[in-house]
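J.: This is what each chain is made of:
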Amino acid sequence: MKTKITTTIAIAFIFIATLVKAQDEKYIAAMKTGMQLFSTAKSGADFTAASNHFERVAGIAKTEWLPFYYAAYTQMINGTTLQDANQKDLVYDKALELIGKAEVLNPAESEIAALKGYITFMKIYVDPMTRMQSGMGEAMASLQKAKALNPENPRPYFIIAQNQFYTPEAYGGGKKVAKPSLETAAAKFEAFKADGFAPSWGKDQNQALLEQCK
Amino acid sequence: MKKLILVLSFNLIIGFSYAQTLISGIIKDNKSKLLPGVSISIKNSYDGTSSDSTGKFTFKSFEKGEQWLVFSAIGFGFDSTKIVLDGQLIQLSLTLKEQLNELNAVVISAGTFEASDTKKGVVLNSLDVATTAGAEADVFAALQTLPGTQPAASENGLFVRGGAASETNTYFDGMLIKNPFNTQVPEQASRGRFSPFLFKGTTFSAGGYSAVYGQALSSALILESKDLPAKTVSDISLMTVGAGFNQDIRFKNSSLSIGGNYINLKPALSVFKQQTDWVNEPTSAGGTIQYKWKTSNTGMFKSYVEYSKSDLSLNTNNLDSQTKNPFSNGNHNFYSNLSYQDYIGSNWKINTAFSASNNQDNGLININQYGRTDRLAQAKATATRYIGTLSTLKIGTDWLNSNREESWDGLKRDYNDNLNSAYAEGDIFLSQNLVARVGLRGEYSSYLGAANVAPRLSLAYKTGKFSQLSFAYGEFFQNPEDQYLVQSKQLDFQKATHYMANFQKIGSGQTFRVEAYYKKYADLVKTNPTFNNNGFGYAKGVDLFWRDKKTFKGVDYWVSYSYLDTKRDFQNYPTLATPHFGAKHCLNIVYKQFFSKLKSYVGATYSVASGRPFNNPNAVEFMNERTKTFQNLSVNVSYLTRVFGNYTVLYTSVSNLPGFRNEFGYRYSQNGNNRQAIEPPALRNVFVGLFITIGDDTYKN
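Which chain is which? The protein sequence lines are S and Z, in order. Counting with our numbering, you get residues 2 to 215 for the letters of the first sequence. Counting with our numbering, you get residues 352 to 1052 for the letters of the second sequence.
These are calculated hints, taken from the structure and not from any lab test. Take the hints with a grain of salt, since some may be wrong.
As the list claims (entries may be wrong) - Just a few of them, taken from the derived set where beta-carbon distance is under 8 angstroms, the chain S residues facing chain Z: (1) Thr49; (2) Asn53; (3) Glu56; (4) Arg57; (5) Val58; (6) Ile61; (7) Leu91; (8) Val92; (9) Lys95; (10) Met130; (11) Met137; (12) Tyr172.
Because the structure is a prediction, the values reported are computed rather than measured. A virtual CB, placed ideally from N, CA and C, is assigned to each residue, including glycine.
I would like the entire structure built from these sequences, with the hints used as guidance.
T.: Following this line, the structure appears as structure tokens:
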């Protein structure tokens, strides 16, 4: 009798473990496919396809924040390829919605707060004259939160530095102001190690901007 | 053990999975346009794809049996359909309906110019108001560059489409402002009391406005205050006319702002020769306190309290005795506004507000002591029900108590009115392209002992991606002006009926609007032979507006033109005539450009208006003479810099740079033998200000 129960439990465990493993493998495979779509994306349509893919993954892997994160990130890049202001707004709103869902899953993740700040910046740039005043505070608050959650994360430093770089001197930006910030970000990129699917982008862009400051 | 092996091999089979099904097809929108970028997938599985640039899609699925195919795209919402997966190729033709949203839906635009920092498709924003040359950050002066208004430098207020200044009312977070201007000085326009930087949205309605607002025959100016400031900052302003400061303190979910200013026009007015014979140039001192509290994710409480005091005295020419008559004014103004709004559930929103104000004027006219006190209290509540994506239904009620006391050498008179109103209004989207706004407002005035019912109707139809047509009709009632109410209890509501048709095209960076209107006045107050409501009149015209931010890089300009044909018989008029605020043609050109190398923002405004009617008592016909053409060119430069590392704007403006000699009419002596032109107080005005913001550490760290 006892052996029978043990066997049943053992079978159940193996069964569940196999299922979980299968799910896990499916998730990893799906993420790999997504990263593949992302790394080969060139047009807005490609980034949309990558974003759609990550969003589907997010719908299944309900506890993972990374699918939503990448869905938001690729959607934001899609926004940069568009011309029409209304379309840009729709796409950035979608990106904000996606990163918002990631935030619900993991409110203390520095990477999420950083990307949220980044997308908010992009939304300001659709119509800077009218949105600068009301939006800057919100974007900066999110980026400062990202720094506080993980001071070693280079991305909030890079995003702020990049924004300084592209802000006209008259409004307190410019290369001079951006250079030390880009250097700080560069040092943080050197020290930062990302594993698995964790975000690792930004180092090259940061370096490229730094070159232009010389 | 056998069993275990069996189960394990079964698990392996799961890993191997079934045969796959190929799903392919095409996806279009409800107008048969092929849709790229649509996400298509099997519900609860990783299997899916996105449609390509021609709306085609293909993917494989290992799922089996009956499944939901779900598809969605940005701006198009979400849909699903049932399919059966059995290894056989599935061919689909799907449609996805465009979602109703604020960006693509039709908006009611007849009569309305909206300036907003947050909404889409608006014509101006608060920065536009602040940087219009010649306006010196005065909301009312900036609005005088929009079509439908008249340049008015000799009296307070906005003259809209043949309406007197008293026919335009100003609302602060939904509440009527009794005294939106500094005290009227003889033959001079005073500035508005409120800074444009207090507001995130300004809606200027030249007619046909919402049933939520009443008591304005011609026009409503609706100001919506800002939410919480983003951070703690101090603002200091040093100007040729005085100095001011403002401190914003930001807490987690609330903010406190304290401001103060002192204005003394003496130094500025002594630079250029003044028409006005000042004894004591205007001085004023005031302060504001604002507290804002975000009570929840959606709830907001705001309070605004302001007090100011001003003094001035001058001499006017007595054209009969050829001597000087003294005039003086001391003003105390208190204004407060409390408001609260929140959502109840997902379908209801409530707005409640209370405001109270007290405005006192005392002084001397010639040898006579005068006094005037206006008190106003208002409570208002509106409930909005959201229906579907865009449609709304509003109901509300409004209590307004107005009280005026006047004294003249110790003699007193006063009136007190309670105006109770109720209103209902629906914004009904019949489709994405057609919206109807149907409203009804009812009012009862205790002092007049009369009631009115005012229907309002607007329709807007989208004719293309960027263009739309709008129509509006409405009836508008207003109590007679205070100066008449204190003298007579026999008066009734005055009435105006508006009809207007509007075509508007808003592309990226370019806006074109044309609007034709007809306005019929009835029951206007006449003062002859006794006070009565037998006045009447009409106004009709065409307004044109063109704004272009696209054609010239870094340049933003707008052109507005108004044609007006109006006549009325009111006040002491002996007959139907065009009033002094009825200039036939008005043209404004507003130009703004940012020079990034010079870190400077440059603006210019040119206005021209045909002569204003005035009455020559020696002429046979009443109000039959015209002043000469009005012209003005004003320029301003804002230089952005840093003072001790703090964000600073150096602002300079010159009004009437070329020195056009303008006149707004003539004042005649009793016997008609002498006359004097009503002119701007100075040929030119120069204003210089330094505005410093401390604590804006956006780029530190």
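J.: In ascending order, which of the hints set out earlier in this document are inconsistent with the structure?
T.: Violated: none.
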